[in-house]
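> Listed below, chain by chain, are the residues.
Protein chains: 4
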Amino acid sequence: MASETIELRGHIIDSLILPKVLDQILTQGATFKIREIKIGQNRTDQSFARIEVSAPSETALSELLLRLLQHGAEIAKRVNVQLAPAPADGVFPRDFYVTTNQQTFIRIDDNEIEVRPATMDSAVAADQGKARAVKFYEVRKGDQIVIGHEGVRVVPVQRSTSHTDVFQFINRSIGADEPKAAVIRELGAELTRARQAQGKIAVVAGPSVIRTGAGEHLERLIKAKYVDRLFAGNAFAIYDIERVLFGTSLGINPDHALTGGGHENHMRATNVIRECGGIARAVAQNVLNSGIMHSCVEHGVDIVLTGSIRDEGPIPGVTTDVVEAQKIMRDKLSDITHVLLLGTVQHAMAIATMLAPTVRTVCVDIDPWAVERVIEHQPFQSLGLVTDVEPFLRELADSILSKN
Amino acid sequence: MASETIELRGHIIDSLILPKVLDQILTQGATFKIREIKIGQNRTDQSFARIEVSAPSETALSELLLRLLQHGAEIAKRVNVQLAPAPADGVFPRDFYVTTNQQTFIRIDDNEIEVRPATMDSAVAADQGKARAVKFYEVRKGDQIVIGHEGVRVVPVQRSTSHTDVFQFINRSIGADEPKAAVIRELGAELTRARQAQGKIAVVAGPSVIRTGAGEHLERLIKAKYVDRLFAGNAFAIYDIERVLFGTSLGINPDHALTGGGHENHMRATNVIRECGGIARAVAQNVLNSGIMHSCVEHGVDIVLTGSIRDEGPIPGVTTDVVEAQKIMRDKLSDITHVLLLGTVQHAMAIATMLAPTVRTVCVDIDPWAVERVIEHQPFQSLGLVTDVEPFLRELADSILSKN
Amino acid sequence: MASETIELRGHIIDSLILPKVLDQILTQGATFKIREIKIGQNRTDQSFARIEVSAPSETALSELLLRLLQHGAEIAKRVNVQLAPAPADGVFPRDFYVTTNQQTFIRIDDNEIEVRPATMDSAVAADQGKARAVKFYEVRKGDQIVIGHEGVRVVPVQRSTSHTDVFQFINRSIGADEPKAAVIRELGAELTRARQAQGKIAVVAGPSVIRTGAGEHLERLIKAKYVDRLFAGNAFAIYDIERVLFGTSLGINPDHALTGGGHENHMRATNVIRECGGIARAVAQNVLNSGIMHSCVEHGVDIVLTGSIRDEGPIPGVTTDVVEAQKIMRDKLSDITHVLLLGTVQHAMAIATMLAPTVRTVCVDIDPWAVERVIEHQPFQSLGLVTDVEPFLRELADSILSKN
Amino acid sequence: MASETIELRGHIIDSLILPKVLDQILTQGATFKIREIKIGQNRTDQSFARIEVSAPSETALSELLLRLLQHGAEIAKRVNVQLAPAPADGVFPRDFYVTTNQQTFIRIDDNEIEVRPATMDSAVAADQGKARAVKFYEVRKGDQIVIGHEGVRVVPVQRSTSHTDVFQFINRSIGADEPKAAVIRELGAELTRARQAQGKIAVVAGPSVIRTGAGEHLERLIKAKYVDRLFAGNAFAIYDIERVLFGTSLGINPDHALTGGGHENHMRATNVIRECGGIARAVAQNVLNSGIMHSCVEHGVDIVLTGSIRDEGPIPGVTTDVVEAQKIMRDKLSDITHVLLLGTVQHAMAIATMLAPTVRTVCVDIDPWAVERVIEHQPFQSLGLVTDVEPFLRELADSILSKN
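Protein chains in written order, with this note's numbering: chain X, 11 to 414; chain G, 11 to 414; chain B, 11 to 414; chain H, 11 to 414.
So here's chain X without its partners, still in its complex pose (with noise of 0.2 angstroms):
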């Protein structure tokens, strides 16, 4: 029997650590005792709790207070971090420590300094008192590299307690079957916060953008400001493309809506392009006149194009190189305070692996399963909508534009 004191501080009850904690402790075979807690009387008020955790084993122990760790626990007895250099490039040393997307600090020479940037799925170099995630392709032969988990202090989001906003909910995601208009308002007043207070949108878009023709209101959006930055596919660039230069797929006619139409147009207007040689030169040569990408050209949005094994071409300025990719991908969200992840489970899932705990995350999509996937990343800045993306981005549109 291997036995540790933890501790836990803030809103825990109201933000359900407590309860994980001791859940996950009941579920992982151990037991508890509770030595001490105080509960804050009022809503606002911090609460604690001292906590001796028991396991069958050493192992078992190590295992679960790792995982009591990333719920925010601190074990009690302070003690600074094991460090281990990188045993070559590209590679961590063995029991490297794996980070969350929560704020995380370490002790070293009995200081806690934070890790920076608040990255998922890295490991943690310490050098001259600074902490940073490091991915895998950023490890260098020799680094320091932190290993177990003594020293590591996890502290999550804690729920809000100041106000009810769209935001505050766990998990929160709007199925099928309920209304969605007055969560449609509330968040075209929050984007509109956003912007006043200087916030930066990303809008992360899939090709069902376009082809349910929702493409009109997302230009919108950026005609008025309202997004920074557009992170989409290939695909996504040559569908909006496509229906700009032959008209596929805009459904003014409904034969053409019931009709579909051939692959054909999908690749001239990538030929186009290429023959440009790239977005902005087919805006500048006035051979792209309009639709999201001549938008995002006209109105300085910045455009984050990558590629997947099913593109064709692909067109001049697509990242082809997914290591790449990621690197210009986690630069470009780094400033980000809100995303619209939107009809795209590929990208919408690999960008809730890279955001901050604190990024407001919108995820849109008419499948049930990839909007709860995408939001269980982000527990307390989530909101899923199950619907069509065109009348989600209509209603969104019409409400910020209307208040403007």
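Source of the hints: derived by calculation from the structure; they are not laboratory data.
Incorrect hints may appear among the rest.
Where chains are identical, the list cannot tell them apart; a pair therefore holds if satisfied intra-copy or between any two copies.
[To be verified] DSSO-like mimics (lysine-lysine), calculated; alpha carbons at most 30 angstroms apart, straight line:
id : residue 1 : residue 2
1  : 337       : 233
2  : 87        : 48
3  : 337       : 145
4  : 145       : 210
Given the coordinates of chain X, assemble chains G, B and H onto it according to the supplied hints.
Quick look at chains G, B and H alone, frame taken from chain X:
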């Protein structure tokens, strides 16, 4: 080896009748020789084919012919139907002919008479030169019932060649990823034409119509006289009434939208209507003064409510016996020309099997399989849309009412 | 500003009662002060909290208290329930208390009495020191019915702390992407223990059990005495009988598996059973000599068949009135300890609302949302598996029968 | 009004070519006259039709003809293809002909030559009496590329008339509700025949193969030499290795099955393989001594691993550039005769577009839409199964290995 000669008539190629027949023959392990074929040279010309079908055994041939018959093949050799008396009330003779929902004729005394109504999953009773489709509950001991399939001729609905409209497509459904605006406008135009031509429009609605906030758009259609009959379950009526009496699920307030709310109001709304003695009385007593049910009463829309084992209550006016409910539904569907099936798989599936093959049928649901399964019953007259029901109804009502 | 003091008792933290209560208070726009809190130091110790709740108005407070009550809060001030007479047969007094499926007590003349049975969506009738849950169809004019929520105390099922088993998890479902073999073995062990302890096992089965070929595995469980009662619709029974009489949907021959086959056999199987006068008679007359229905008759398994508006027939023995069907289902579920809900959303949803909170409930379906919606009614005693029903039943039967 | 005469040859009726062509003509608002038609009298006879097509404008006619061509129509007037030089490396001339994955011929100097390979979404380069399909990345400035569609002839795969097998059905998928045992046995027999006839079998596998515990069955097939090549993403390889190194997702212990487990092991497994220098080295160093990757190395199965923007790492040997990955995939698919696509939409969609039309393709996924979208690329040679991948692979391996 057993053989029989069949004949096909009409738009047998572009209505896919000939290919389906040959497909069935090969799939069932039989063979064919095409003895004669005349293909219409223009799209309005009828075609004709005479085909000799051979199968390994008489039984196999008989089973195959039954299936070909349902695809519109006729047996070249003209014979009269065979009849046998029903052995008891509610029981058909063995080997009774099972109807489809296609136009069907039987040959008696060398005269062909049409079976009425064109109802699927029935037997055919012949009496004094008339042929009628009878359900289990209608047959009486001694009724003369068609057995086997000789002398039966089925005439499938063939594809319209005169004009292309939104209903001309074969099992056509518009997926989540496709644009729907143009199709919805076309549908609006079709309903407007239907209205002017004294057509009858039925709406079959599930609870999601209320929960998503689509109810107000259905009310607009009711007030504009675009709904002749409303089919729903007890739960639908209660959700509507609950919204009127208690404001639940209205979703004005985003907190309401997000917190859901208990089941009490559902129970209380049921109790109120039970106390009043039914919906019409609640309207008369001014207890119920808005909402869909209220609009139906005010505008003379027939309300056909049926029960399910999931219901609480139910309220007066709901038919709780399912056999009785089917009789009423069949009767209330008999003069309908257009049906909208909105967010309700159970009801939609039941109703789809009760429709004449010429009824123009639209099915809207966010679940693609629900849409597929419903529209496959109406191959030449149905349209499926995979989308949220609220934006669908909003756009449909906008499209229809802006023209008036 | 209106205030009330509530108390919570039991495993209020690890059963999530305290967090849910605080969550509700904040979500509804109210505030709280924790006046007293004692947390059990070991996992078997009970905890206690006394909380002062304040809401903006008396109405808001009353609504909030009702919800907190359902989560197990008690109002500190002990008062008797208020009663009012039912105004008519089948009608409750306004503001009647609506039950949950949790254990419930009411205080009358300063004595607490338990409401029996623990049935959700009922009112509570008090008569001569007894309290019973009554449905709409049971209430008679003048019955004394509890109104408001004062004097009502709800005791939610709390999480088991003695042993971890497959049912201990909160709304736990195993997704399509997760391994199920070990869970199915555990479930087999649980059913074996249940059998030895004189538990009663009910199976609720949908047509996909037959269509996927899972019927033989259900038969093995029936023959081994692992099924006490079978709940199904008319269609389930006919699919089983059709398979026995005509071999349809048996799928021995891959062509059969692929070609589907017509609806005739479904109609003919219905006719055969109608002619025999029911399933038991068809077995007695040796018309039906294998299959699930046959096994049920041979092994004394109660068959509870209910109708729906999609049924043809139905066969004798099917309860076609839905209110009558509910009464029978409730009665036949009253002594059940374990329920398997297999491939049938409609039935599963209906049955889930009729179960006592202690009934161990397993829901198996290939549709993840169906599973979610069913198991949310049994938060501490349910297990959902998103999988094909055929391999599930095969593995379960293998696992159970290999041990015997 | 513009007109052109087209010809159709082969099994144009039972392969649905004639109906689809007439369908397209009507749907696009054009008209037709059938000038000549000869229908084969036996099922092995070829048929012939000559049809005059008229469209409102030359542009409409041209678009329509392009589509008819892809369905196998030939333009009666035999003309040579038109060629134009590629204007730059990686850019096709405007109006380039876009290939399908059907067998295609072009007429040059009045000789027809076949385009090789039969690759969709390519252009056709003609050079010294040879015609090859070229992708964007292959074209060089000045290459002679086919433009327009004159002189191009497409020969769709026609339905086999010699024998009915599991692949003969048109876009056939077996739904969640249908029996699969017989089809899986047939598929086992087909793979056994393929093996004996020196066919090449590729498996394309997603992470759910590992997560559901299906890995051991895939290993059995690898060891029995039923897999020639394995296509997967980085995540698949890591899930397999993680299971070997840490036992995660193995699911022996039901608690493990239920608690999930963190992401750390995924990161650590990646690190181990990076440290070893790749999978083959990890096997050579005996770090990796079981699992799918190990079996592939031991039994000489080619492993083709590609990256995505969701990957961590990745491990050495993963192709991270998507254009490079496509080249490798095409190359490694060129001699494949049978493909199993298991639980992986992204990969399956990419691979489906790279297959020759004669490759027999099986797609297994629990999501019905995923299955539909994948198999629609191989209309006459594909089979979809909507089911859990674990029981599918178990039954397939049992069926194949019991015969050996």
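> List in ascending order the numbers of the hints, as given earlier, that are violated by the structure.
none
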